[in-house]
Structure formats: C-alpha cells, structure tokens
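Student: Given chain A's structure and the hints, the job is docking chain B with the ligands onto it.
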Amino acid sequence: MKQPLANQVYDTPLDEIMDRWKRDSSYLIEMLQDVQEHYRHIPEEAARRLSEELDVPLNRVFHIATFYKGFTLEPRGKYPIAVCTGTACHVKGGSRILENVMRELGVEREGQATQDLLFSVESVRCLGCCGLAPVVTVAGEVHGDTSTVKTLKIVEELRKHAQSS
Amino acid sequence: MSATPHDTVGRDTTGDAIPGGYRIHMMLCAGTDCAGRGSYRVKEALEREITRHGLSHEVAIGMSGCRGHCGQGPVMVVNPGEIVYQGLSEHDVPRLVQEHVLQGRPLQERVHTLPPQTGTVPLISEIGFFGKQRLLVLRNRGIIDPEVIDDYIVRDGYRALSTALSTMTPEEVIQELIASGLRGRGGGGFPTGIKWKTCREAPGHPKYIVCNADEGDPGAYMDRTIIECDPHAVLEGMAIAGYAIGARKGYVYIRNEYPLARECLEKAIADAREYGLLGENIFDRGFDFEVSIHRGAGAFVCGESSALMASMEGRPGEPRAKYIHTVEHGLWDRPTNLNNVETYANVPPIILRGAQWFTSIGTGDVSENPWGGSKGTKVFSLVGKVHNTGLVEVPMGITLREIVFDIGGGIPKGKKFKAVQTGGPSGGVIPEELLDLPVDFDQLTRVGSMMGSGGMIVMDETDCMVDIARYFIDFLIGESCGKCLPCREGLTQISTLLNDICNGEADEHTITLLEELSNTVKECSLCALGGSAPNPVLSTLRYFRDEYEAHVREKRCPAGVCKALITYSIDPARCTGCTLCARNCPQDAISGENKKPHSIAVDLCIKCGICRDVCPHDAVIVH
Ligand SMILES: Cc1cc2nc3c(=O)[nH]c(=O)nc-3n(C[C@H](O)[C@H](O)[C@H](O)COP(=O)(O)O)c2cc1C
Ligand code: SF4
Ligand code: FES
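Protein chains in written order, with my numbering: chain A, 9 to 173; chain B, 41 to 663.
Keep in mind that a hint or two might mislead.
What the hints assert, rightly or not - PhoX-like mimics (lysine-lysine), calculated; alpha carbons at most 25 Å apart, straight line:
#1 B:K289 to B:K237
#2 A:K158 to B:K603
#3 A:K77 to B:K636
#4 B:K647 to A:K158
#5 B:K456 to B:K647
#6 B:K362 to B:K172
#7 B:K603 to B:K362
#8 B:K603 to B:K172
#9 B:K523 to A:K30
#10 A:K30 to B:K307
#11 A:K161 to B:K647
#12 B:K453 to A:K158
What the hints assert, rightly or not - Listed next, the stretches of chain B that the computed footprint assigns to chain A, with coverage defined by at least 3 CB atoms under 8 Å from CB atoms of chain A:
#13 200-209
#14 489-502
#15 595-601
#16 646-659
No wet-lab data here; the hints were simulated from the structure. The beta carbon of each residue, even a glycine, is placed where N, CA and C say it ideally should be.
Only chain A is shown next, with the shape it has when bound in the complex:
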C-alpha cells in the first residue's frame, strides 16, 4: 500500500492525457484532472486544444474548469499549502490558521501563489482525517494536530531548502 495523499504527477503531455481517456468527451472532467495534476493549473492553451480536439465548445470547458473546486486557472505554487477548514478542523481553529498563514505569506486570495511562486495557500473542506484536526497539507504531506506556528516553521524550512538548491 502506498503512502496516502502522495501527489501523483503524470509526466505526460496533453496528447497522452487525451489518449488515456480515448478522446471520449464524456471523460472531459477526468482529462482536466490530469491536466491540473500535470501543470498545476488549467493552462488556457490546454483548454483550447481540448475544446478543438474533442469537439466541445470552449465555453463548456471553462464552465467545468470554473465550476469544480479541484481546478484552478492560475498556477499553484511549487509547494501548495492546503489548510483544512472542514467542520472538525474549523472547531479546532483551522479557519484561523488559514487566515494567519495567508497574512504571513502575503497571499491575498485563496489559490494565489507567493511572489517567488514557491507556495500557494488555499482551503480544503475535509481531508478525511478529522481525528487529526486541525490538519494542513504542504506539498501533499499531511500534518496533523498542527498550528499556525508549526505550519510557518515548515514553510521556512522548505524555503531554505529551495534557496540552497
């Protein structure tokens, strides 16, 4: 059994993604998910090509890309930070952690990346491990029983790591 929540990153360009789903437009959502995983957002160019190749109106591709929470139109940071604000985490201060981390990293909107593109901050509604509340994931790794201070420490370490390499 693999470690949970490991971010699967496919090393495949758009064509392979479309082939994987047999270029069948009823799998458009699945394809967009793979695009999101690969590029960390839905690039406009990818949306256009999907629309042309699958013969789906472009507005439908964007309707879907903006309807579902899992898709973003702007790139996430290299280390996306997701603060759980599910109910269990909310009552244990999750929403406060979100606010504090955004303020300290200078991120104004959820989903936005920091200026150096290293981090982005967003909320998620329940990661399904509420027993560990409050929970934050950084680059897919789960940190339970956490706090603002602990999260900012992880951020500092990753930033140092990124600067030294």
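Tutor: This is chain B with the ligands only, laid out in the frame that chain A set:
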C-alpha cells in the same frame, strides 16, 4: 462481533498472505490518520526488530484498514488477546518486542488507556470506545488486509453474492432487502429495497448501478474508511444490487481528495475480476457485472443524485428538478440505482444472515412499513471536542450521551459540553437537554437536525453557535451551483445578516429577518442543497437563541470566538514570563520582561490567536 485469533489471517514479514499458524499477529492501522502519524515507520521498525531476533516465522505483521480510533494513532492490535496499543513510535519497538514477544507481557505504557487515567485496559471489548459499538459494516475493520482479497473471502466474503445468485431470484433479493428495513445511509434514509424495486420495474435498458462515494460533508470520513478497510464489501453489495435490479454495469463516483481509497478500490476491482467475482458469467450463473471508477472534482452538490450523474456524463454538476427521478431517468437517461457506500456494505450481511436478524438491531417496526423504524447500525465519524475521536459504528437507537461520553470519553480539558452537530451542512445542532435522544432517522429529524451521512461534531463552551451557523452557510455559498435564485442569492443575504451579528452591527430586527429569509430559502430552492441549507441557522436559533441575543443586545460573544466582540489579555497570575508569546506575535504587540508577567497592547492586537496557541500555561484569556 469481534476478532477471535483463529479467524484472523496473518501475514508474514515478506508480505505473502498465509492462513494463520503464527504465534503472534500484529496488525498496524494503515488508515490516513495513523499513516500520517507514522504507522509505516513503526511497521518497518517492527519487521527489522523481529527479523533481528530471528522470529519472522513466529510473528506476523500486517497492515489493516482504519480501526476508527484515530485520535490516538498509530494504533496496533496484537492477537491473541486483542491487545490494543496506541501512540506508538519506532522508538518503542525494541521495548515492545522485548516485553510482548519475548517476555509475553504487554508493554504497559503504550497499552490503550481510558482518558481519565483509570489504569490500563488492554482488551478491545473492555474499552468503552469499542465496547458499546456493534460492528456490522466495519466487521472486517482492522482484521483483514484490505488489499488481500483472500482475507475478505476467508471472512465469508462473496458468499452472499453466491447465495443470491444460486438460491434466490432477483425478486427474492429485493423482498429480503425490503423486509430488512434497510434505509439509505447517504442522508435521506430512503428504504433501499423499495428503491431497488422501482429501478427493476422501470422501463429502459441498460440499467446502471452507481455507488455514491462523494462524501461531501466537510468533517466526516465514514465512506472513505469503509472503502479503505473493506473495499470488497462495497463491490459485493453493488454486484448483488446489479443482480437484483438487472444491471450489468456499476460505477463508483469517488471524491478526488481520496487517492488512497481510490487505489484501494482499483486494486480490489482488479483482484475480484481475476478471481471471476466480477466480469462475465459470475459463479457460472450467467450473470455479468463490471465496475469502474469515476473521480469527482470537488463539488458538494455532486453528491446530489441528478448532479452526480450530470458530472459523470462530463457536464457541470447542476441538479435538475426532483420530479424526474434518477431511478427512472438517470445516467444517460437510463434507469439508475444510486446508493451510498455504507448502504451497499450493509447488503452482504443482510443476504447472508437474513432480514430477521437485521431487524433485531435498531428501532421501530418495519414489518408493515419500511419507514416504520431505523434498523441495523450507523457509522459515525465522531470528531471535534471529544477525547476519543474516530469512526464508530453503533446500533440505531443508542443515545447521544452514550456516543459522546461512553464511547467518546467526554470533553477534553475539563470543558463543558455544549452541542453536537449532525447531518453536516444540511443538519443542525443538538443541545445538552437532548443528549438522551435515541439516535435514529426520525428522532434526529424531529429535533431539527438529521442523520445525514454520519458526521458528528462535538462542540464545547468555547464554540460560538452563530459562528457555526455562519460557517455552514459560507460553505454552502461556495458550493451552491447557482442555478436557482433562492439558494444563490438567499444564502448570500443570510451570510450578510450573520456577519452583521458576529460583528456586533445587528439589532433584534436582524434575527427576525434571518428567520424569515431562512424559511423562504428552505421552501423555494430547487434541490435539497438549498432546501436544507438554512437548517444550521434554524436549529442554532431554536436552541441557542440567547447566544444570538447576546451578540445583538450586549455586543458580546459568550463563547469568545467572534473577533469584533472579543479582546485578548494575559492573566498575570498564570503568566510565568517565558516570552514565548512575545516571540511569536506577528504584530509585536506583546511586551514584558523575562520571567515577569507579559501584557498585550490592545491597539496593536489583530486577534490572530497565536499567543493563545503557544502559551504553555493557558495564561492568554479572551473576553
Ligand atoms: C447537496 C447534496 C449532497 C449530497 N451528498 C451526498 C454524499 O456526499 N454522499 C451520499 O451518499 N449521498 C449524498 N447525498 C444524497 C444523495 O443524493 C442520495 O440520496 C444518496 O446517495 C442515495 O443513497 P442512499 O439511499 O443509499 O442513501 C447528497 C444530497 C444532496 C442534496
Ligand atoms: S438549490 Fe442551490 S444547489 Fe440546488 S439547484 Fe438551486 S442553486 Fe443549485
Ligand atoms: S475536517 Fe479537517 S480533516 Fe476532516
């Protein structure tokens, strides 16, 4: 039902499934919580240590799905004796092997303890957390390795399917389900047998079976755990539904946030296919059934039947009006049976042990009317302000008090119980006066909440009920599909009113307006998302009106949550001057000398709460 040592399938350290024969079986939890706390590192350390002592042929080490005891992970159960360890780390391993394996006595300091330190209680059945539970859906939890199909088969797996195919007609299967009184576990509580019957009788071909694993309730994880610890039970339930309804194709619609559950399910489907338990001509009875997986993309509304099916067809997940039923016009306009994960997992035991056995558990009488009671068990995710957080499975009819205090072990840090929230964003809060309420579909609805899919969030005196209502409304604003006006605009207005109350900018009139608006949204929305969205507001108003009134009349938040109405200060009697808060304050608003009481400059304070988090002496207080 609990595990007896001889029916546990052990696994040796090389990972091959073996049918027992070991002296000791160790099962570590591989659920997301425990894995997050390092259960895999403990497993590797154990394997090294056992090998070092040359005991690999005597001690089997395996991973199991979530045991539900998540607050205390990593958890490990050792048989014989069903001894439960908790909070393990790799550093405990040498001593654990020394004591338990070599000396034959449990390592006392890591054995499960009851929250108020009443001494060690090593047996599963003696731990309150497990003692009052009744494991039906989670019967294999922690006993089988979810990735090994043989483990499931040894525990009667796929026998219900074989019984149904070889000894029962589809109509008889449906009759058994109706007689069992099983009601949908996804929230609505619709009788499953009746739904199957309608779908079987609906004209149109082919028909589809869909399993709802979207688990949208933010703060609950029953379905994920069921899939992660016993995926074949869900597949078997779906196959039986396929046989009863006359469908050959099933889909599982699963949240994208659950990669581990998805992998687990993918493996289970592949294994079942290899064993001929899915695919063509199952058990040589001429019945074909295939299952595939659809990933959701993060939208609460996609848990709703018609939105879910729209999403599966590759469209935005927008509901349609309820008078067109998905059992008749579902996926690609064909008759489609949608049930929740837990509902399907209930099916195999009902077929194997019979409706009569099932009706012996639970409340009411379903012999005449399937709505006449709530039968069987329900899995809840018990989280929030309780000692033992985790997944629990209890017989219907148990009281909330038993769940929160006996199983959950009460409220931590000596705080006072305030309310429990059930039903997720569609549900409501239940106050202390109603703690003796028996938990079933109809009782919860009667008091203004609902069963929902099984989220149960315990709140203490430091949780503000207005804030909780605002929390759910804000969640739903983000999730409303926007198709109909009452939900789209109404919820935004409700949120504005709640914000005014939390910010101390409201008067009595606001509360009246809030009530009127909530009732309008409830009446006029197109789908059940909007229709139930005001419930958190209405139920907090019903039981905690005084708290709303304190916000508007006295501009005071009694629980100390609403930022605009509180101030932070430091209790000089408790402060030891350790300087921790001052060093962590992002505003440099805290001053004081080393080893002397500190103080907060109110004009600089942004009420971020960090000082309160870091203070080791609980000296930071909120008014
Ligand atoms: C907004 C909304 C969200 C829902 N979310 C879920 C969900 O996450 N999981 C689920 O099983 N049912 C959910 N439901 C209920 C389903 O529409 C459906 O009733 C259920 O899956 C039927 O299965 P059951 O009869 O086995 O409960 C939701 C309903 C609504 C209106
Ligand atoms: S009630 Fe809300 S979610 Fe349901 S159809 Fe209307 S806008 Fe969409
Ligand atoms: S509420 Fe945060 S993990 Fe469930």
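Student: All hints, please: hold or fail.
Tutor: Hint-by-hint comparison with the structure:
1. Proximity of B:K289 to B:K237 is assessed by CA-CA distance (about 17 Å); at most 25 Å being required, the pair is judged to hold.
2. A threshold of 25 Å between alpha carbons decides the hint, and for A:K158 with B:K603 the separation of about 22 Å falls inside it, so the pair holds.
3. The suggested pairing of A:K77 with B:K636 is violated, with an alpha-carbon distance near 49 Å, which exceeds 25 Å.
4. Of the supplied pair hints, the one linking B:K647 and A:K158 holds, its CA atoms being roughly 18 Å apart against a limit of 25 Å.
5. Restraint check: the Cα-Cα separation between B:K456 and B:K647 comes to about 24 Å, which is no more than 25 Å; the hinted pair holds.
6. Annotation: proposed proximity of B:K362 to B:K172 is violated, straight-line Cα distance about 39 Å (limit 25 Å).
7. For the hint linking B:K603 to B:K362, the alpha-carbon distance of about 41 Å lies beyond 25 Å, and the restraint is violated.
8. For a cut-off of 25 Å, the pair hint linking B:K603 to B:K172 is broken: about 40 Å separates their Cα positions.
9. A threshold of 25 Å between alpha carbons decides the hint, and for B:K523 with A:K30 the separation of about 31 Å lies outside it, so the pair is violated.
10. Among the hinted pairs, A:K30 with B:K307 is consistent with the structure: their alpha-carbon atoms are about 22 Å apart, no more than 25 Å.
11. The suggested pairing of A:K161 with B:K647 holds, with an alpha-carbon distance near 20 Å, which does not exceed 25 Å.
12. In summary, the hint linking B:K453 to A:K158 is supported, as the alpha carbons are separated by about 22 Å, within the 25 Å threshold.
13. With 0 residues having a beta carbon nearer than 8 Å to a beta carbon of chain A, the segment 200-209 of chain B misses the requirement of three or more and the stated coverage is violated.
14. Coverage of the segment 489-502 of chain B by chain A holds in this model, with 3 residues showing a Cβ closer than 8 Å to a Cβ of that chain against a need of three.
15. Counting residues of the segment 595-601 of chain B whose CB falls under 8 Å from any CB of chain A gives 0; the rule of at least 3 is not met.
16. For the segment 646-659 of chain B, the stated coverage by chain A is satisfied: 5 residues place a CB nearer than 8 Å to a CB of that chain, which reaches the threshold of 3.
The structure shown violates the earlier hints numbered 3, 6, 7, 8, 9, 13, 15.
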